[in-house]
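Assemble the whole structure, with the sequences as input and the hints as a guide.
Those protein sequence lines, which keep their order, are chains H and Z. Quick note on the working numbering: the first sequence kicks off at 1 and runs consecutively. Quick note on the working numbering: the second sequence kicks off at 1 and runs consecutively.
Hints are not guaranteed to be accurate.
Unchecked claim - Which chain H residues face chain Z? A few, computed with CB under 7 Å, are given here:
1) Leu8
2) Leu94
3) Tyr140
As the list claims (entries may be wrong) - Simulated pairs of lysine-lysine, DSSO-like, Cα-Cα distance not exceeding 27 Å:
4) H/Lys5 / Z/Lys168
5) H/Lys74 / H/Lys187
6) Z/Lys168 / H/Lys61
7) H/Lys187 / H/Lys61
8) Z/Lys168 / H/Lys187
9) H/Lys74 / H/Lys260
Said to hold, decoys possible - Chain Z regions said to be covered by chain H (calculated; three or more residues, Cβ under 8 Å):
10) 60–73
11) 84–97
12) 141–151
13) 302–310
Since the hints were derived computationally from the structure, they do not count as laboratory data. For clarity, every value in this text was computed on a predicted model and none was experimentally measured. For each residue, glycine too, the CB sits at the ideal point set by N, CA and C.
Read off the chains here:
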Amino acid sequence: MAAEKRALFRSSWLPYALLLPQLVVTVVFFFWPAAQALYQSVLIQDPFGGNLQFVWFDNFKELWHDELYLASFKVTAIFSVLVAAIGLSVSLLLAVFADQVVRGANAYKTLLIWPYAVAPAIAAVLWMFLFNPTLGVLAYWLRQAGIDWNYLLYGDQALLLVVIAAVWKQVSYNFLFFLAGLQSIPKSLIEAAAIDGAGPVRRFFTIVFPLLSPTTFFLLVVNIVYAFFETFGIIDAATSGGPGQATEILVYKVYKDGFKGLDLGGSAAQSVVLMAIVITLTVIQFRYVERKVQY
Amino acid sequence: MSTASPERKARMRFPVLILMNLLPSTWRTGRREGMIENRPLLTFFSHVILAIGVVIVALPVYITFIASTHTAEEVLQAPMSLLPGSHVIENYVAALAHGAGESTAGVGRMMVNSLVSALVIAIGKIVISLLSAFAIVYFRFPLRTFFFWMIFVTLMLPVEVRILPTYKVVSDLGMLDTYAGLTVPLIASATATFLFRQFFLTIPDELAEAARIDGAGPMRFFWDVVVPLSRTNIAALFVILFIYGWNQYLWPLLITTQETMYTTVIGIKRMISGGDAATEWNLVMATAMLAMLPPALVVLLMQRWFVKGLVDTEK
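Structure below.
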């Protein structure tokens, strides 16, 4: 335990009083509900509160045999891979070019970062309006180009719509971190390569990109967490999981089964699976960082 | 979990800080010394790519603004005109006063709700995190590590994974459709606590020793030394947490049933749920502009703190 304070204050009650507000909120709104989710995940209960039955892991077993749930897993996987891959590529591209220009880099930064401030649900409404089959401007252009565009009917198109909205919102965040990563690469390395005759493209792939890998990995985890958990607003506002189950990601299914379907045990079991996923992602993030940041 | 101590974990939470120390100075000047080689064509190409990026990023907001300046009929003509219309004032007044579609509550009221929740969430998180970080850094007491872990674990329990039981708790406490229900469940924050803890550890021990010798108690030291020194951290966190609070979606969607308690983001969702024909898109788009305006302003006006906050919290 490094960096501990030598100068300490003494009081038998004050530290507890200072921690109290945080702990009360934590216990009442985090630990108690999480424990409830764990508890309910091994029970079957009818929605009106009666007839409680302990069923061990039946709820989980049922999930593994539920084709809709497995389909939702698949949708989530495709969605998060697309969001992370497209989001990281686009923002890396922009950051590399912003790092190139001497004049106006600041202006570009300001013009690119503000979508971070837009709520996911609002981002969804903006893109939904552009792609709306009857009145959207982009939908009109697509139809002019001969494409049969209707995301209300075609699942692939609906998925594309929510991916675009999710990426649009996240590019600003990725861009900031990539640009910072690029600007922290020592100039001397790049100059040395330039003197040895390596052109900009070669320099990027042999020097810049490998040196950026800590930033890239960090952003990859952040983007996957974002796609899994923070895109609920996008899905709900743009497609409500439809058409069919084409855009029903796991978080949306927990909400739908619990609130609309009133399947308490099933929804709780899904919550527990999600918790396991968050914990895994958090541990990956920390373990990785532990090894890497040792300067 | 690995065997590393909670303190260690907390430090790991802010790895990119090290990278980012370089960031503000290079961005403020907007230029870097020593071009490697001068390639006018490459510079031109870079500007073209960046300009395309900026246009694509701005496009949806531009179209939204255009839609908010036309009448509902003009918006429904496909394709809608891409130049501003002449109904700016009446659309925004109508939206602010009585919303659109099935919703009857005005967006003005919703914006007040959003503002109140965003402020309470941001300030509440900052206050309780300052207090608990102060306790953990400046006192030694039984169960200290245990409490630290308790706060840490909340990182792994986002609202999305415990939706139903949390809803049940709030409903049992009679907090549905109240400002308390909109805000209190969201104000525990491991991230802010760790951030303040990191910062407190950098405050020289001599300051606390001097305060003790002068006979100042812990709370006096907290108010007169710790809080003033934390000003930049507080500002940076405030920007991030204000945006976080304003943009909340799932939580207000669950616990608000009365239109007078809707936040702006929820209000929009309710306005468009009536189907294409019934939707007054011009008013919905005016509402979308209004919903984006406050957080976007905060980001642009407080850009320096925003960048610092993003980097510090890794949010």
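Do the hints match the structure? See the list:
1. Interface restraint check: leucine 8 of chain H against chain Z, minimum CB-CB distance 6 Å, threshold 7 Å, status holds.
2. Interface restraint check for leucine 94 of chain H: the shortest CB-CB distance to chain Z comes to about 5 Å, inside 7 Å, so the restraint holds.
3. Here the hint on tyrosine 140 of chain H is kept, as its CB sits about 4 Å from the closest CB of chain Z, short of 7 Å.
4. With a C-alpha separation of about 41 Å, the suggested pair lysine 5 of chain H and lysine 168 of chain Z falls outside the 27 Å cut-off, and the hint is violated.
5. Note on lysine 74 of chain H and lysine 187 of chain H: the hinted pairing is violated, with a Cα-Cα distance of about 43 Å set against a maximum of 27 Å.
6. A hinted pair counts as satisfied when its Cα atoms are at most 27 Å apart, and lysine 168 of chain Z with lysine 61 of chain H qualifies at roughly 25 Å.
7. This hinted pair does not check out: lysine 187 of chain H and lysine 61 of chain H have alpha carbons roughly 56 Å apart, beyond 27 Å.
8. At most 27 Å may separate the alpha-carbon atoms for a hinted pair to count; lysine 168 of chain Z and lysine 187 of chain H exceed this at roughly 56 Å.
9. For the given pair, lysine 74 of chain H sits about 22 Å from lysine 260 of chain H by alpha-carbon distance, which is consistent with the 27 Å threshold.
10. A count of 5 residues in the stretch 60–73 of chain Z with a Cβ less than 8 Å from any Cβ of chain H is obtained; the coverage claim is therefore met, three being the minimum.
11. With a threshold of 8 Å between beta carbons, the proposed coverage of the stretch 84–97 of chain Z by chain H is violated, since 0 of its residues qualify and at least three are required.
12. Note: the stretch 141–151 of chain Z has 5 residues with beta-carbon separation from chain H under 8 Å; the three-residue rule is met and the coverage holds.
13. Coverage of the stretch 302–310 of chain Z by chain H holds [criterion: at least 3 residues with CB-CB distance below 8 Å; count 4].
Hint check: violations occur at hints 4, 5, 7, 8 and 11; the rest are consistent with the structure.
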